[in-house]
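Build out the structure end to end from the sequences listed, making use of the hints.
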Amino acid sequence: MKTMMQWMSLVGLSLLTFDAAALDLGGLGDKLKELQVNPKLVEAAKELKGPDESEEIAIGRQIAGNLLGAAPLVKDAKLQKYVNQVGMWVASQSERPDLPWHFGVIQSNDVNAFAAPGGYIFVTLGLYRLLQNEADLAGVLGHEVGHVIRKHHLKLLQQSKLVDLGGKALSQQIGGNDKVQQLIGSGAEIVARSLDKDAEFEADRLGVVLATRAGYDAYGLPGVLQQIGHFAKDEGSVALLFKTHPLPDDRLSKLDGAMGDRFDKVKGQDAGKRFYRVK
Amino acid sequence: MRTNRIGMAALLGLLLQSAAMAAESGTALKADAIRAEPFGDAKTVATLAAGDKVDILKKDGGWLQVKSVKGKGWVRMLSIRKGDTRKGAGAAAGLLGLASGRAGTGKVVATTGIRGLNEEELKAASFNEKELKLDESYAVSKADAQKFAKQGKLVARPFGYLPDAQ
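Chains as they are written, first to last, in my numbering: chain A, 1 to 279; chain B, 1001 to 1166.
Misleading hints may appear alongside valid ones.
Quick list of in silico lysine-lysine cross-link-like pairs, DSSO-like style, CA-CA up to 27 angstroms [as the list claims (entries may be wrong)]:
no.: 1; chain 1: B; residue 1: K1030; chain 2: B; residue 2: K1053
no.: 2; chain 1: B; residue 1: K1059; chain 2: A; residue 2: K267
no.: 3; chain 1: A; residue 1: K78; chain 2: B; residue 2: K1142
no.: 4; chain 1: A; residue 1: K279; chain 2: B; residue 2: K1147
no.: 5; chain 1: A; residue 1: K197; chain 2: B; residue 2: K1123
no.: 6; chain 1: A; residue 1: K75; chain 2: B; residue 2: K1142
A few chain A residues that don't get close to chain B, going by computed Cβ distances all over 12 angstroms [as the list claims (entries may be wrong)]:
no.: 7; residue: D52
no.: 8; residue: Q62
no.: 9; residue: K81
no.: 10; residue: G126
no.: 11; residue: K151
no.: 12; residue: H152
no.: 13; residue: L195
no.: 14; residue: H230
no.: 15; residue: L252
no.: 16; residue: D261
Simulated from the structure, these hints should not be mistaken for lab results.
The beta-carbon is built from N, C-alpha and C at its ideal position, and this holds for glycine as well.
So this is what it looks like as structure tokens:
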């Protein structure tokens, strides 16, 4: 509750500095202007409740397109389809099953995974290679689904001064939606930013539960975190992950506290037999 | 080049396999019971103290079968930290580093043809419409996901979200 209040006051402050048109991504602003409502009030209402779902998806789509500009998809249609099947099944267990969920494995040796608003989720090939079965994958995707359903990145965008209203972004030729690009800053830098530590711990708890609801062994995500804990802190392939997330040991100890013996009675599948291994 | 890569992948596969088969070591993060079976209500065989060394024999859900000087049995997975007390990159990290195309130096091994993803690259990235459309083309419907789950004998079940422990 306290963080919520802090957030509200932050939003209140940022109201004073935002250009009135900056967040007007959909048609809502126009419609309300016709009703002769003070546009400042419209913006205030919008900032408090955040962008609507179509705006959220537009923002996520822009981020996803930029991320793919940095690292394209692994060219393995079977792998991509498989990851979407597992991901969609996990996301179906959340309170936002009807978002247009997309999952992809991107060509990078880094160990990392990314979520963009609206349901765009990516796992690096480096991380995928660490997975041992489908329950591991479900846990990792569940963590990212957790970020999306709790709108962690969207809130970060709203809170931070990432909104680039300068002419810099505009003067460049950028693909996709220029207006949205202005909102998300430069390229896909938003996915390289750290969320609040508590948001990461929360996504871990959500990931474990979503995988469990989907019928998987609950310990997929913790197992992957233990694997990642093996990496030396100065190892290049985990540099960004460790910079933007609490360290695996801290995440595991938090999960231990939250999970305790609650999962003793729920046995799940690891579906290891059909796990798709990359060549 | 192609055969080279396949050879490399096969070699890595072997290395990883042998790493997986060798008994892994671990350290108890806190005091916890070693139980006769992987259940919370199974008989306690011995009690581990924080810092005790164990050999990890196998995994079953949230449980690890371990062997220690105090006894052999099952311990909650999250009570154990895998690997030796960390000193730089252990053998496992070295292996994983190799598997991810880096030789521990942080330098990308040129032959893998793919690279890491750092902050600067993400910042400088420009929108790739073609890749995004490809990504979107793999979308799966809820109904298809259900079919897929059924094939894997996955049964959805209710489970409440976890409160923050602190």
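Hints, verified against the model:
1. B:K1030 / B:K1053: holds, 11 angstroms
2. B:K1059 / A:K267: holds, 13 angstroms
3. A:K78 / B:K1142: With Cα atoms ~18 angstroms apart, K78 of chain A and K1142 of chain B stay inside 27 angstroms; holds.
4. A:K279 / B:K1147: holds, 26 angstroms
5. A:K197 / B:K1123: Given pair K197 of chain A, K1123 of chain B holds - Cα atoms ~22 angstroms apart, limit 27 angstroms.
6. A:K75 / B:K1142: Holds. K75 of chain A to K1142 of chain B sits at ~24 angstroms (cutoff 27 angstroms).
7. D52: At roughly 21 angstroms from the nearest Cβ of chain B, D52 of chain A sits farther out than 12 angstroms, so the non-interface label holds.
8. Q62: violated, 7 angstroms
9. K81: violated, 6 angstroms
10. G126: violated, 5 angstroms
11. K151: holds, 15 angstroms
12. H152: It holds; H152 of chain A is separated from chain B by about 15 angstroms at its closest Cβ, greater than 12 angstroms.
13. L195: holds, 15 angstroms
14. H230: violated, 5 angstroms
15. L252: Non-interface label fails for L252 of chain A: nearest chain B Cβ at 6 angstroms, not farther than 12 angstroms.
16. D261: violated, 5 angstroms
Hint compliance for this structure: hints 8, 9, 10, 14, 15, 16 are not met, and every other hint is.
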